[in-house]
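Position chain B relative to chain A; hints supplied.
Chains as they are written, first to last, in this note's numbering: chain A, 1 to 223; chain B, 1 to 293.
Because the hints were derived from the structure by calculation, they are not lab data. Hints are not guaranteed to be accurate.
Listed next, the in silico SDA-like pairs over lysine to any residue satisfying Cα-Cα at most 20 angstroms (straight line) [stated by the list, open to error]:
1. A:2 / B:214
2. A:2 / B:275
3. A:2 / B:196
Just so you have them, the derived chain B footprint on chain A, three or more residues with Cβ under 8 angstroms [stated by the list, open to error]:
4. 169 to 175
5. 185 to 196
6. 203 to 213
Ideal placement from N, C-alpha and C gives every residue a C-beta, glycine not left out.
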Amino acid sequence: MKCDDVDALLDEFVDGTLPDGDRVEVARHLGSCGRCRTAEARTRALLAAARALPRGVEPSRDLWPAIAARIQRARVTHGEFGLARARWRRTVLAAAAAVAAAIALVAVLAVGRHKPGGAPPQAGLATPPGATAASLGLARAQATYEAARVQLLAALEARRGTLSPETLEVVEKNVRIIDRAVEEMQAALARDPGNRDIPGLLVTAYQQEIDLLRRVATLPGRG
Amino acid sequence: MRAIRLLGAALAVAAVPVMAQQRVDERRPASATGTVEISNVSGSVRITGWEQAEVAVTGTLGRGTERLDFSTSGNRTLVKVVLPHLSTHHVEGSDLEIKVPAGSSLEVETVSADTAVDKVLGAIRLESVSGGITVGGSPRQFDATSVSGDIEITAASSPGSATTVSGSVNLLGVAGDVKASSVSGNLVVKGGETSRVELETTSGDISFNAALARNGRLDAKTVSGSVELDLPAATAADFDVTTFSGDITNELGPVARRTSEYGPGKELSFATGGGGARVVAKSFSGSIRLRKR
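The following block holds chain A by itself, in its conformation from the complex (with noise of 0.2 angstroms):
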């Protein structure tokens, strides 16, 4: 097995749902690999940061009218501090790529973290009562795309007199598109909230409006 194949699995190995051969083989390979000692290493580490996660925090069920309120705020802010555009761009930037790596870190929790039928986790790595990596991992993801949404929904505003139409029309149109693919699974998964396939789709959509929305900062103006 080469490191890219184990690269591939170790987040079942480290959850301990890999079948039998595939996890003596990723054991046999982490036993002569040090690169891949440190990658197994780095995983059980996020898998104990998301464990250590609040366990109040609930993911919300509906987040527009709230996000509504915030982009108000997030403007009279922008007005207030005066900044200049270029530097509310890198501003907007910096938090957007923050959270958007915080999401993608969850991400990685939230997704194949929630098998029913997969073996126990490892010892010592016991999950707290009522709390999984997943639902964790899924609502620090909600929380760190609705701030990060707010700020870059804030940027979009800033930039609207410098982009086409036709190119805000598409932004918010796709911006829509996404929202209801949100709102559906959201919807969803308050319906089946042991399904185990929508949280890593939800996480994938919040990436693609993070990512839409944070390019749409950084896109050159029409000149």
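This is chain B only, laid out in the frame that chain A set:
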């Protein structure tokens, strides 16, 4: 770099816009493995790698354009079509043919200009708002992004990513580790033998019609788009296919089973040819079809 920009800004103040279309034919010595930075708002940019240690720019500057910045600093070469800052007149697009040392890396930025790259071996990063992007040859790595423009990558054996919002992405004959994503654009992978492919959309359709390398991996995820995977009959792979409310059609193995007696979800796990490669396809409401070719 900063000095170049400052110089450009200073020149911009004094410059007079080109009142008629203007021919360009200029050359500058350049590092064989340097970086060429290109910026053109509208029109077209065609970039080709060649064996000479210089960058050559030919073509036309559109009416209303201020000037062409063409300079070299260290191992970076800048080719930038500069527009008037406060012009209220219509500015025509500029069409540029640019030859660069084959080992160059590229950083290209356009708004509506189409970009075509061929025979460049360094890493290439291409960004456009509504322009199309086409890449041929084997760059060391590619990263192409567009909002509404289409992206086509042909015969690249290199790793890379292609991202759009509503434009389509076509990866033709690619062989490296590739990733493509779009919100509403369609993603197509056709021909070649891929080692690791990640495809993600929100509502765009995904079509994969290629071979998978031994121990390769294919991940296709969509919320509401359709997923069509056409694989050679001899494919040896483990499949993991799920949908929350879509449909699964499988010509490679068993019929999908419902995940619950009452819900619409379906899932499918099976292996062909003894397994080896891994295929994961997931949708929320889009249909998933596995076909033998």
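> Of the hints given before, which are not true for this structure?
Replying inline: none
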